[in-house]
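Chain residues, written in single-letter form:
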Amino acid sequence: MDEKKPFPLHVFKLLFLGFAGAIVGMLVFAGGLSYADKPTFCGSCHSMQHVYTTWQASSHQYFTCGDCHLPQDNILAKLYVKGENGMRHTYHEVLRDYPDTIFFTGTANTIVNKNCLRCHAYIVAPTALATGEQSCISCHRNFIHGRGQVEGGVKVE
Amino acid sequence: MQKVLVLFLSVSVLFFGLITARVWAVKPPSAMKLIPISAGEYDPALWGKSYPIEYNSSQKNIEVAPSPTGYNGSINYQKAERQPELYVNFKGNPFSKDYTEDRGHPYALEDLLHSKRISPASKGACITCKTPAIEQFYNQSGWAFANESLATLVQQAKHPVTCANCHNPETMALRVINPAFIEALSRKGVDVNKASRQDMRSYVCGQCHAEYYFAPGTNQVVLPWDKGFTPQEIYEYYSTKPNGFLQDFIHPDSQTPLLKAQHPDYEESSTGTHGKFGISCADCHMPYMRSSGQKYTSHWITSPLHTVKESCTPCHTQGSEQLYDQVRGIQDNTWQLQRTAGTTVAHAHDVITKASDVPSANKEELDNARQLLRQAQWYWDYVAAANSQGFHNSVLELHTLGQSIDLANQAMITANRAVGKNSL
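Sequence order for the protein chains is L and F. Each residue of the first sequence is one higher than the one before, counting from 1 in my numbering. Each residue of the second sequence is one higher than the one before, counting from 1 in my numbering.
There may be inaccurate statements among the hints.
Said to hold, decoys possible - Some chain L residues judged to face chain F by a derived CB distance under 7 Å, without partners named:
#1 His46
#2 Asp67
#3 Glu84
#4 Met87
#5 Arg88
#6 Val94
#7 Arg96
#8 Thr131
#9 Glu133
#10 Val154
Keep in mind that the hints were calculated from the coordinates and are not lab data. Note that this is a predicted model, so its numbers are computed, not measured. Backbone N, C-alpha and C define an ideal beta-carbon position, used for all residues, glycine too.
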């Protein structure tokens with residue numbers, strides 16, 4: 001038996017494979033995340049067609065869905081909510097049991113409201129609305145996905 | 001180990017394959033497929049073969065539903081059981097014999113036949129809003145059908161209010177076929193052929209859920225909208241004796257020439273808060289639903305309180321309970337005032353009757369009293385005959401009932417003056 005080498009070849013091989021795997025994994029993850037962050041991805045679900053079209057016609061068309069609908073405090077909070085929402089939405093999309101008008105559930109309302117204030121806080125700062133416990137969207141809920149911006153109804157073709 | 005890996009991989013592929021297939025590869029249709037139906041086909045079951053989702057939802061109309069608030073609804077009880085004043089106010093009119101709550105579109109013909117208000121002498125005008133066959137009747141002979149025998153026309157009609165009353169069979173576009181509605185709007189300068197889709201979503205209902213009268217002689221159905229939709233404007237219109245029309249009946253005791261109001265639902269809702277803001281009848285009464293992802297219009301035509309989530313919450317987010325309380329509150333208030341108005345009107349009939357028996361009574365003052373009572377009864381009946389129990393236009397309806405009570409009291413004061421009583 002030969003003298004034992006401190007780093008035999010297969011260790012280098014394993015290390016190389018490990019690094020390569022990690023890089024590929026990160027690329028796939030980053031690519032996937034970047035792809036799934038695009039409104040076109042959100043709009044590819046049947047249930048999202050109406051909100052997607054109304055958003056396109058709105059004054060907020062240059063922002064993505066996640067800009068408003070996901071927490072922007074830190075990446076972990078964002079990924080957690082995105083993952084949880086994604087799984088729940090996929091579940092209902094597969095079952096096709098969603099209603100015609102989709103409403104916020106859970107913390108969605110708080111998240112969106114916080115994101116309004118990320119940009120618009122200065123507008124309410126000098127008013128009584130800044131005292132907290134107010135919700136922007138209890139009044140402005142039809143602002144982005146408003147009714148009447150695009151033709152609704154059932155189409156016959 | 002390998003077997004486990006293969007199993008895991010195949011389960012994953014199947015799982016994600018299923019998701020991909022359901023979510024992206026095979027989507028629910030985003031439009032309804034048009035399957036034209038031949039003109040003159042009125043059988044709803046045949047339409048249902050091509051439009052099963054809408055047809056199935058319309059079948060719920062057959063299971064008559066009680067009203068969620070207890071007012072009106074689709075159970076055919078006699079209205080006079082809850083409002084005995086109807087016997088007095090409609091004395092001498094067929095409505096005192098039989099005045100049931102309506103059961104809905106599938107029963108339109110059947111209940112017409114069984115109504116005690118109908119006799120062998122009844123005229124074809126009554127069928128105008130009971131069947132899509134009105135299209136043929138009118139195309140064949142214009143309004144002449146209104147003077148034919150009702151019994152004959154019912155035999156020819158076959159189907160009650162159904163798909164073809166509101167849909168063009170070849171394009172599925174909304175349409176109105178009641179000539180009286182088309183003529184009434186035309187007199188107001190509105191061409192129904194140029195109406196927007198949103199307007200049509202109310203017109204299809206309004207073509208029948210409206211006040212009307214039969215023109216003397218021809219029995220042609222006329223909607224009294226020339227001066228406007230409010231009870232005050234319609235009363236003013238009737239005061240012009242349109243087409244020689246004076247009254248629906250003369251009260252046998254008080255000798256008052258009276259009008260009978262017929263379900264002015266379109267008039268009330270189009271002048272009410274929702275109507276003024278462009279909300280159509282169908283927006284609330286036929287909300288959008290989804291079945292396996294496909295959007296459709298509910299054809300269960302009923303109280304929106306049966307579908308609060310689909311009908312109300314797209315705009316009002318206060319929650320079902322608060323919304324129910326809001327509607328119930330309006331209806332409770334309107335009902336109480338409607339009973340007060342109805343009983344005051346009944347009392348006025350009694351007072352005028354007694355005053356008429358006094359030989360020395362001032363005839364001119366008695367006639368004035370009858371005119372006041374005619375108006376009072378019209379205002380009460382305009383609210384009482386409608387289906388929303390005040391909801392469609394609560395402010396106007398409560399105001400109208402208030403006027404009714406005042407006018408009925410004025411009628412009694414005038415009748416007393418006619419016989420020289422209560423002159424102070």
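Status of each hint after checking the structure:
The beta carbon of His46(L) comes within 5 Å of a beta carbon in chain F, closer than 7 Å, and the hint placing it at the interface holds. With a least beta-carbon distance of about 23 Å to chain F, the hint placing Asp67(L) at the interface is violated under the 7 Å criterion. Residue-level restraint check for Glu84(L) is violated (minimum Cβ-Cβ distance to chain F is 16 Å; threshold 7 Å). At a threshold of 7 Å, the smallest CB-CB gap from Met87(L) to chain F is about 10 Å, leaving the interface hint violated.
At its closest, the beta carbon of Arg88(L) sits 13 Å from a beta carbon of chain F; the interface hint therefore is violated under the 7 Å criterion. A hinted interface residue such as Val94(L) counts as satisfied when its beta carbon comes closer than 7 Å to some beta carbon of chain F; here the least separation is about 4 Å, so the hint holds. Using the Cβ-Cβ criterion of 7 Å, the hint placing Arg96(L) at the interface with chain F is satisfied: the shortest such distance is roughly 4 Å. Annotation: interface hint on Thr131(L) violated; nearest CB of chain F at approximately 22 Å, more than 7 Å.
At a threshold of 7 Å, the smallest CB-CB gap from Glu133(L) to chain F is about 17 Å, leaving the interface hint violated. Interface hint status for Val154(L): upheld, as the beta-carbon distance to the closest one in chain F is roughly 6 Å, under 7 Å.
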